[in-house]
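Peer 1: Residue numbers (the working numbering), protein chains in the order written: chain V, 33 to 364; chain G, 384 to 690.
There may be inaccurate statements among the hints.
Restricting the straight-line Cα-Cα distance to at most 25 Å, the calculated cross-link-like pairs of lysine-lysine (DSS-like) are [said to hold, decoys possible]:
id : chain 1 : residue 1 : chain 2 : residue 2
1  : V       : 119       : G       : 577
2  : V       : 93        : G       : 578
3  : G       : 576       : V       : 119
4  : V       : 111       : V       : 93
So, partial list: chain G residues that the calculated Cβ filter (under 8 Å) puts toward chain V [as the list claims (entries may be wrong)]:
id : residue
5  : 566
6  : 582
7  : 590
Source of the hints: derived by calculation from the structure; they are not laboratory data. The structure displayed is predicted, hence computed values, not measured ones. Every residue, glycine too, gets a C-beta built ideally from N, C-alpha and C.
Here are the chains, one letter per residue:
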Amino acid sequence: MSVALLEIRNLEVRFAMRHVTLVALRDVSFAINRGERLGIVGESGAGKSVAAFSILNLISKPGYISAGEILFEGRDLTKLGPQEMRKIRGNRISMIFQDPMMTLNPVLTVGTQLTECLHAHRELSEPEAREIAMERLAQVHIPSPEARFDQYPHELSGGMRQRIVIATALLTNPWLIIADEPTTALDVTIQAEIMDLLLELCESQNVALILITHDLGVVSQVTERAIVMYAGRVVEEAPTREIVRAAKHPYTQGLIGALPQQTESRRRLKQIRGVMPALTEIPPGCAFHPRCPYVLDVCRVQLPGYSIKNGARVACHMVAAQMQTEAKESES
Amino acid sequence: MSPGAWHRFADSRVLWSFRHDKVAIVSFAVMCVYILLSFSAPLIAPYNPYDPTTIDIMDSEIPPAWLENGDTRFALGTDAQGRDMLSTILYGTRISLTIGICAVLLQAFLGITIGLISGYFGGRLDNFLMRVADIQLSFSTLMVAIIVLAVFQALFGTELYERLAILMLILVIGIAEWPQYARTVRASVLAEKKKEYVDAVRVIGLNPVRIMFRHILPNTLSPILVISTVQIANAIVSEAALSFLGLGMPVTKPSLGSLINSGFEFIFSGSWWITIIPGIVLVILVLVMNLLGDWLRDVLNPKLYKE
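Bound conformation, chain G alone:
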């Protein structure tokens, strides 16, 4: 990044509109806080929820500190196993964000590659790839994920599954949603392909891979950015849903979804905080990402992307 590039960014419409949009500023700030806190969880969390030696079953189901019977050691109370909720939520958010971001990276990689090839080469290949995408989309993400994860657990046992849970969730959510990217990218490629600069680089004698990735791809970035924010939120929700159904992260390494799930059975026995607090954390995270996505969509291209 040269100083010129920085000046361009400082003068750009994107930054201007960001500075004049309170919702965007707040959302962005909240997201930064989430990312900072969750990824520095091992440093700032008061306890390590993965270390069974720090957990005392006698501390279980202590309400948050500001309530009656609260304990100042546990600011947000403890869960049924005696784990500190604050620490567990921090670690859990980290897992949720990791899965969300990695799954979207995988989606984007698959979707962008397939979308570029489909749009650039066109013809039968395009038809074939887009029909595959249609078929993929006609199965809902959750259905595919439930089947795959349940079969995996049944085949290889829960022990192996618990070790590979993060990887499996990333793969399943990543593969299930690539058509979103492929379709968006393909549509932009079709529009870009007709422009003269593509002819011009073909005339220069560049190979198709270079033309696709270096010349066409940067011109399709704005819709990609927009769906990326929405897709991360979606992936986090999918992961939470799967975990809630017992097919996601194991209770020993809980994500936000499995935390909500683990507290669910205690909600009527009065220990509402085990479910409600991670639930609020999840809702705010998803809301903030969607708000940012909306803002980006309005700024980058008011006409191109509406869904």
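For reference, chain V alone in the conformation it holds in the complex:
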């Protein structure tokens, strides 16, 4: 395996509030290779978006990176100055946001916003920038890009706007796109179209994609590998297919169990009882233990380490114990 495009090691992000300091991410590590598609799954508040923003070093004020490294092509992004960081943002790493209604500036035309990104990173004349922008608009299947170019965001539909946001993300041929719930604000039929488009573009241009979502269905369609986050920690990482088929961590199992199944109609949806703890009151031991159906005594006191097997890792005492017994059985 070659050197990873992006490697995050033991990242810890804290928010310094007036009286307490909250830990939003603890000991988060993962890596992504060129052209790979990684999903980050978790409930609201699990720290998915904080992780994404910290990659770009854009966590807003009370938050800061307190430990860990973010290696992008071997360079530690946490140590770069603002100017060097700006050269990477939008140029090597792009980001797509949740709500296309909000991510485009209402008072500037689509064309201005597209070419501006190019001007920020490339020495280009206006016609050259326009040409590249048109090319990208055509790539994201926007009909009659010339007409769209001079329109304002409010004149376009949600799906169209998200396509423009994707076109903006692709402008500078980035190596990594971080998509933070890119389809949540769109209606279902458009969701599928946009996801297909993202997948197609990432494959054809060999762009790595970090897809942040709470929708396991989307993750299973698009990504190759997935990590599951709970209360600021990675609880499971595995190839997406294995996560969907045979999740190890009780939390992941719960998430998958909570998906609506068409085959079993008229049954109540299974849900994970309880809610994710707020950052102020994360329980000792495994953060999931108050909601876990298989809770052991050790879960209440000791934070589980990672059990690694076949490129997958799980942070769960129960899984660790199972693996140990399996290993013993195979020995004897």
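Given chain V, work out where chain G should sit, using these hints.
Peer 2: Positioned in the frame of chain V, the structure of chain G alone reads:
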């Protein structure tokens, strides 16, 4: 401006509401007349009040033409020095408008820059700048202006002062009132900063200056427009007040304020027109600008700006 932009403007709510508001139409028309007449004063004024050779002291204090003893050469009469009132008012309005507009441009430049920086960066810088603004606001504009202008006159003599009077008035009024802009802009920036498009352009990797001026500033324009109309009216009134107190434009180059002042001593000797006519001109000008400001405020954002 592409034809598309023109169509957008023609269809916009602003134009629609303008066409359905008689007060706005009349105010706008009156203001256009003021601007046209005053800035073309050298072309249309019958006399040049700055040229002493055209002035005859024997023509002094002639009443307006429609009154008894009026002279058809001087439609609005003459002042104590024999200057034609109509010409002097035209030139004076030009000076008043110039000072008002330039002072507001200066205010806007200072206030918008400081407001943007304050709102965007926040934290200690924000606190510091806003306290400076508070201190500035706690001195009234007139007080600051009187002190500065009086000190300047005392230090450098009236001769230099008369030459630099326009510039000094612009500077003093401009600097004294920037906090109005800074506060308004800062408030809008705080609201805009939280919106996702700002995150999105930060992610694109634009530098903060570009984000502030190109992306956030256009979104705060409506309150800026509204206070601008009110501030121009205020600046004109301030200038008139200073001139009335003898600290503004000199009598040789009178603005509306100094005209009112110069006629004041003759008001009881019967020559009321030297004060009253420029006074009416000033009142209408300020009224019209305030009416336009009110209308703009209602149209652009009924909730955002109330003062």
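Peer 1: Failing hints, ascending?
Peer 2: Checked against the structure, the only hint that fails is number 5, while the rest are satisfied.
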